[in-house]
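Peer 1: With the hints as constraints, model all of the structure from the sequences given.
Here's the letter readout for the chains.
Protein chains: 2
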Amino acid sequence: MKVIVTGAAGFLGSRVADALLRKQPPSLLNVTELILTDVHQPPSRNDNRVKALALDLTQPSAAEQLIDENCDVIFHLAAVVSGQAEAEFDFGMKANLEATRLLLETARRKAPKAKFVFASTVGVFGGDLPPVVDDLTAVMPQTSYGTAKAMSELLINDYSRRGYVDGRIVRLPTVSVRAGVANAAVTSFASGIVREPLNGKESICPVKKEQELWLASPATVVHNIVYAATLEASVFGKWRAVNLPGLRVSVGEMLEALRKEAGDKVASLVRFEYNETIARMVASFPVIFDNSRALKLGFVVDSDFAQVIRSYIKDDLKKN
Amino acid sequence: MKVIVTGAAGFLGSRVADALLRKQPPSLLNVTELILTDVHQPPSRNDNRVKALALDLTQPSAAEQLIDENCDVIFHLAAVVSGQAEAEFDFGMKANLEATRLLLETARRKAPKAKFVFASTVGVFGGDLPPVVDDLTAVMPQTSYGTAKAMSELLINDYSRRGYVDGRIVRLPTVSVRAGVANAAVTSFASGIVREPLNGKESICPVKKEQELWLASPATVVHNIVYAATLEASVFGKWRAVNLPGLRVSVGEMLEALRKEAGDKVASLVRFEYNETIARMVASFPVIFDNSRALKLGFVVDSDFAQVIRSYIKDDLKKN
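As given, the protein sequences belong to chains H and V, one line each in that order. Taking the working numbering, the leading residue of the first sequence gets 4, the next gets one more, and so forth. Taking the working numbering, the leading residue of the second sequence gets 4, the next gets one more, and so forth.
Hint data in this document are derived by calculation from the structure and do not stem from the laboratory. We put the beta carbon where it would ideally sit given N, CA and C, even for glycine. Honestly, I wouldn't trust all of these hints.
Partner residues aside, some chain V positions facing chain H, computed with beta carbon under 10 Å [unchecked claim]:
#1 P133
#2 T140
#3 D161
#4 R164
#5 G240
#6 K241
#7 A244
In silico PhoX-like links for lysine-lysine, alpha-carbon gap of 25 Å or less [claimed, not checked]:
#8 H/K113 - V/K97
#9 H/K241 - V/K211
#10 V/K263 - V/K321
#11 H/K97 - V/K97
#12 H/K241 - V/K97
#13 H/K211 - V/K241
Peer 2: Okay, structure coming up:
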């Protein structure tokens with residue numbers, strides 16, 4: 004099948020590409036052609052199924068170039084992250100909502116049977132939340148990032164209902180531990196406070212120790228994104244969005260796990276420096292979810308945060 | 004204050020204009036200048052506070068012409084109704100979402116303190132609904148009309164959070180009894196089955212007798228729309244949308260009330276002719292609401308459907 008990945012130069016996008024091309028264990032999808040695109044051309048890969056394109060998806064011509072009649076699956080992961088979308092409202096809306104709409108419109112015209120997998124976020128939630136969030140909880144985003152994602156979800160659901168595309172929306176928990184460098188997501192610290200100390204560097208935590216987060220490891224999130232394309236449309240019922248499963252863990256518990264896995268010296272490299280803006284946005288995200296719908300659909304969850312740290316040490320630390 | 008009403012030639016728009024201009028009892032707002040706009044120029048009024056404009060709000064220049072720095076309140080009631088938005092997806096999205104966005108953008112630039120009152124709909128709800136819908140229930144619209152309204156709500160809430168406008172979103176129940184003629188809303192019959200018989204005409208009911216509806220009278224809805232502009236922004240908390248109060252009533256109960264108020268001969272003018280498309284869309288709308296938030300904010304509700312019929316007979320029947 005012919006598969007497209009947007010945001011393919013990004014952290015999750017490049018790993019989704021890895022997962023799609025993987026031969027052992029085999030990829031969940033039988034990929035014969037893979038188009039990787041991002042604002043900057045994604046790195047070339049030693050695999051003749053791959054074509055890499057530099058495209059600005061906010062331009063109407065981009066979707067036209069990207070999508071053709073043979074396209075089977077589109078993983079739309081490209082986004083302007085939360086911190087930047089809050090600081091640059093117009094650009095964020097254009098990249099996170101309008102670019103999605105342009106892709107949907109082109110898919111509708113050229114490849115209406117294509118599975119359209121959209122990376123949304125638990126940041127669509129906010130405001131007055133019930134004690135436990137599930138897939139029937141109202142979204143009241145308190146960030147412009149969450150707003151654009153929630154609007155895109157509604158559009159994808161309606162396009163799917165009308166048979167214009169076959170949408171699947173996965174709401175990602177905060178991903179931790181991300182390899183590489185800090186990004187402009189307000190939750191960037193959730194990776195930084197583990198990654199930087201393990202690399203011998205100091206890391207600043209902008210929220211309090213008591214702040215809880217809703218986390219999933221990169222491997223789990225990547226698996227779940229690809230898995231979403233394998234499901235029958237009917238299993239979603241009348242709503243194509245699923246809250247992906249995650250772990251509820253406080254910053255204090257994360258640091259305690261880091262201490263146990265890597266020692267006092269490493270854990271002591273985290274310094275607390277409270278940032279009001281970040282702390283307020285992070286505090287608006289929910290941390291207690293009922294994941295039963297996602298688990299019933301076959302999405303997977305990490306066992307505990309210590310295991311997430313061990314996976315990072317094993318798979319990523321050596322690469323940094 | 005300077006007030007704008009879009010959709011001012013429409014049924015609700017013209018009554019909102021009446022309510023704003025009324026001297027006895029005095030209008031809830033002290034209106035010194037009233038701009039009425041619609042695709043066709045709204046009828047002129049014998050009141051020198053009024054200016055009537057024909058504008059196509061899907062054109063970017065329209066908002067520019069309409070909104071200036073002195074604007075205090077915008078009642079954005081213009082919309083393509085549910086039946087038409089379902090049949091003409093692209094036009095519906097342009098009129099119901101893009102036109103709203105254009106108004107918001109212009110208000111943000113020219114009149115960020117303006118109160119932006121938006122007529123949304125309980126048709127934002129659908130899919131798997133809890134037994135009772137409240138303001139914290141997830142929206143999963145099963146119509147393109149509901150989708151565009153739900154997307155507009157998110158945008159207005161984020162513009163309000165950022166201080167770009169001062170938004171207030173009222174989700175309207177089905178309005179019954181509307182005077183005048185049938186429109187392309189899928190719930191048009193909810194007025195027709197009372198209005199046509201009272202005018203001696205046959206009326207077709209496209210849904211079953213058991214179908215329940217969530218209704219409010221024109222007078223109540225108009226009052227609530229204007230009232231929304233009088234509230235302090237802070238009372239809305241982190242979410243600017245309110246489900247307006249309504250009455251839960253079945254088609255059978257409506258006809259029984261009609262029989263009691265107007266006699267057997269009138270009520271027998273309703274003929275049942277099932278329409279699968281309309282019935283499915285109507286059945287996706289919820290009918291049991293917890294109105295406590297709206298009532299606490301001071302919005303009002305009709306006493307019962309018999310009273311609604313009596314008001315129609317008293318205020319509107321003579322005018323037809």
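Peer 1: Hint numbers the structure violates, sorted upward?
Peer 2: Of the numbered hints, all hold.
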